[in-house]
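> Sequence:
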Amino acid sequence: MSDQLGNSVASLHTPPVRELVRLLYGGKRFGNHVDEVWPNLYIGDLSVANDHYSLWKLGITHVVNAAHGRMYCQGSHGFYGSTVEYYGVPADDSPSFDLSRYFFSSAEYIHEALNNTDGARVLVHCAVGVSRSASLVLAYLMIHHHLTLLEAIQKVKEHRWIFPNRGFLKQLRALDVKLHGAL
Numbered sequence: 001m002s003d004q005l006g007n008s009v010a011s012l013h014t015p016p017v018r019e020l021v022r023l024l025y026g027g028k029r030f031g032n033h034v035d036e037v038w039p040n041l042y043i044g045d046l047s048v049a050n051d052h053y054s055l056w057k058l059g060i061t062h063v064v065n066a067a068h069g070r071m072y073c074q075g076s077h078g079f080y081g082s083t084v085e086y087y088g089v090p091a092d093d094s095p096s097f098d099l100s101r102y103f104f105s106s107a108e109y110i111h112e113a114l115n116n117t118d119g120a121r122v123l124v125h126c127a128v129g130v131s132r133s134a135s136l137v138l139a140y141l142m143i144h145h146h147l148t149l150l151e152a153i154q155k156v157k158e159h160r161w162i163f164p165n166r167g168f169l170k171q172l173r174a175l176d177v178k179l180h181g182a183l
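In the UniProt record's numbering, the protein residues as written are 1 to 183.
Since the hints were derived computationally from the structure, they do not count as laboratory data. All values derive from a computational prediction rather than experimental measurement. Treat the hints with care, since some could be wrong.
Derived DEER-like restraints, expressed as beta-carbon distance ranges [what the hints assert, rightly or not]:
1) S47 with G181: 36 to 42 Å
2) G59 with E158: 20 to 26 Å
3) T117 with R166: 31 to 37 Å
4) E108 with N50: 21 to 27 Å
5) H145 with S82: 25 to 31 Å
6) G59 with R22: 34 to 40 Å
No residue lacks a Cβ here, since even glycine has one placed at the ideal position from N, Cα and C.
Using the sequences and the hints given, assemble the complete structure.
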């Protein structure tokens with residue numbers, strides 16, 4: 001079945017959270033401390049975010065801390081110095097936390113960094129690098145690269161194991177519906 005534009009109606013379907021969870025469980029269930037999931041865009045954990053040498057080796061120019069102000073994730077402009085730009089998102093990894101209020105501002109920060117800074121490399125991290133940071137990267141891919149939620153998940157999973165919590169998946173589904181009119 002197709003719509004008037006010839007698009008498959010099935011491609012406009014946003015899977016329910018239980019199907020997304022099933023998809024996320026698939027594939028490898030271990031990860032590196034950091035992985036490039038899109039050109040010059042990395043998802044990582046706290047250990048790489050706190051390691052100046054690793055950041056330097058990767059050529060990281062911008063850091064998005066999706067656990068800003070949380071224990072062991074203090075991060076700040078002062079911590080990284082003048083060579084790395086910093087953006088903090090004070091998110092809890094809780095299904096009841098409204099991460100969606102940071103989707104557009106984080107996506108814009110990532111987009112501006114990658115498109116307006118020569119040689120930019122952006123690290124998005126949280127404590128473990130699978131839920132908060134992954135959710136912000138998925139939102140970025142949906143907002144600025146017009147991927148559906150399913151496409152964004154599949155693209156990131158090619159490079160990194162991710163597992164946004166159920167609350168974040170619900171918020172990403174709502175974003176998908178808003179951006180793509182999916183059901």
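> When the hints from earlier in the document are held up against this structure, which numbers fail?
Those not satisfied: there are none.
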